[in-house]
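Protein sequence lines correspond, in order, to chains A and B.
So for the first sequence, our numbering puts the first residue at 5; every next one is plus one.
So for the second sequence, our numbering puts the first residue at 5; every next one is plus one.
Calculated directly from the structure, the hints in this document are not laboratory data.
The reader is advised that the hints may include incorrect statements.
Any copy will do: because identical chains look the same in the list, a pair fits if it lies in one copy or spans two.
Stated by the list, open to error - DSSO-like cross-link-like pairs, simulated, lysine-lysine; straight-line CA separation at most 27 Å:
hint	residue 1	residue 2
1	K39	K379
2	K7	K315
3	K333	K230
4	K379	K211
5	K8	K21
6	K21	K333
7	K50	K293
8	K21	K7
9	K237	K91
10	K91	K335
Listed below, chain by chain, are the residues.
Protein chains: 2
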Amino acid sequence: MKKKRLMAPGPTPVPPKALLNMAAPIIHHRGPEFKGIIGELREGLKYLFQTTNDVLIFSSTGTGAMDGAVANTLSRGDRALVVNGGKFGERWMDICEAYGVEVEIVDVPWGEAVDPDVIRKVLDTDNSIKVVLTQACETSTGVVHPIKEVAKIVRDRDDTLIIVDAISALGALDIRTDEWGLDVVVAGSQKALMLPPGLAFASVSNKAWGFVERSNLSKYYFNFDKERKSISKNQTAYTSAVSLLVGLRESLKEIKEEGLDNIFARHDKMAEATRAAVTALGLQLYAPKSPSSAVTAILAPEGIDGSDVVKVMREKHGITIAGGQAQAKGKIFRIAHLGHVDQFDIITAIFALEMTLDELGYTIDMGKGIRAAVKVFQG
Amino acid sequence: MKKKRLMAPGPTPVPPKALLNMAAPIIHHRGPEFKGIIGELREGLKYLFQTTNDVLIFSSTGTGAMDGAVANTLSRGDRALVVNGGKFGERWMDICEAYGVEVEIVDVPWGEAVDPDVIRKVLDTDNSIKVVLTQACETSTGVVHPIKEVAKIVRDRDDTLIIVDAISALGALDIRTDEWGLDVVVAGSQKALMLPPGLAFASVSNKAWGFVERSNLSKYYFNFDKERKSISKNQTAYTSAVSLLVGLRESLKEIKEEGLDNIFARHDKMAEATRAAVTALGLQLYAPKSPSSAVTAILAPEGIDGSDVVKVMREKHGITIAGGQAQAKGKIFRIAHLGHVDQFDIITAIFALEMTLDELGYTIDMGKGIRAAVKVFQG
């Protein structure tokens, strides 16, 4: 027997009740029953996003809403500041390039967070920049960026927006959309929302709606204005991904019941325990200065390929974690503690990691990682 | 007790086994298990599309792949011929407009099929037209267009493509992608594929790939070239809608087991029985000359609003059918016989329709519709 466990930074495990609700017979997306469901989702999404604005719902994965965030707010030839500190920062650059948006790159070494002062300086010297594009949590490096501080720099500039890819952050880390003045916040279903991939979300501030009015980039499927009108009538502009939205109702209910503050505290604790465990094992964190509470990136020890850690974890112990991407390939492995995950899952992952490292020839004081994690949970 | 039954032209009922498969714990979209699944899907989709080319898979509803079909094959200022005979013909026009593609409209009265000769004439007099955009089945009117004949006109013109929205047709009607020379065929998961909404598909001919190379329209999420490279490695470019793809494996398996010819014959028979039944009840077909085997559109009798038929069917009998849209609103109602539907479902729908019409004051010879349908099924 080999039980399978998913501890990658998306997709994440789906609560059994949400899985079962999604297996219910499909209902029609234009009928009164479904409108009632969307009405519920609207309220739940506002709570999750910490906003009073409607959150737009797209049948796509998170990248679709990132695409839409650029296509709906900017115009050809506009300039964008992109925080590039990992694979998803690169994605913002690629999207801008696809739309003919000029990019001013703030390069951040992988494993580090952006320095808000650098952004301030760029904006001070170049007032043609229309948008700051960043991640909240850069999933590829396990870094959390100081979004609150960056937003503070942007919010008083009438001609500049801040657009945040919070795909792996929202619902795991405290992202205060309205209070911090985040203009567009993008999320996806398969992270802290505890659902399969296939839904994307975008909150849009009043300031951002002004940009939407002036935007001249081509868009059709990801049309913010059209979705805004539809959601106000408890609909989506095109056919909805009915089963996933029925699942979303359940996961938003569970989020409301646990409460955002408890959820954030749970994620912080799991991340702290994971860091304590791997440090006790003599491993080094890839992002020691600004680690995310959603995913921990760990440097593979000298002489061991990070991909082998992932492979042994999966093949021998049934646990799916993630390796490194691009320049971090082979150098790191990533353990997610994101969504429907608790302290027992963390202990499980650490136990499996200890065995895996031992199997790969890394000298280990077996049980030391677990003890360190337990101490955090009990402390 | 009120049992609910879905007989709208999408979403359609999902087979229980596919529903249950989609409720299985989520697997990682970059792991070896999922690559194996995509490998299976590639073969199943080729069979379904009747093509030897790879079929691209998108996490979106069908409209997303329609958007992509325009954005990936055309360039700004290109000219497109749009067959406009219903709500989805209008969608092609809207997409072209969003991308700055000029449109030559072939208007077809709602309820009628396009005359291929008209298309031939337009193409003969205007050799700047780069693409013919049409539906196979115009879901809003229940019409099937003569795609084979239209394709014949287009296929010998090196500078013109035919792009077919087969969202409500593929898997219900015989659409021979390669044999007829259809350059792009777009489909969605929630019709004859018997799945929830949330997946879209596009087959792309070699001729169309030449257009893709030259296209200069902006696209990011719906990038055909990127998806082509990914699918060749049994992946999708971005995160896949894992649960829906697991469901797709089951529905493609069921399609293969029944066999396309049997499936088409079943749909033809259900459509014939539905037409016979409503005609026997003294009702008139909205598309008598070219009715689709996927959905039957029926004129509401004098003095009765089609929306009321839909309402009573749903509220009193638990059966969801569809009303008319835009200019057909209130004038028609539509019964789908599409996907996971059999002769018993048709008899059920006709029985409920007889009672509904009676309740709405239409004089009816109760049982006459059922008898006519039974005769078709037994004939």
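Could you work out which of the previously given hints the structure breaks and list their numbers from low to high? Hint check: 1, 4, 6, 7 fail, others pass.
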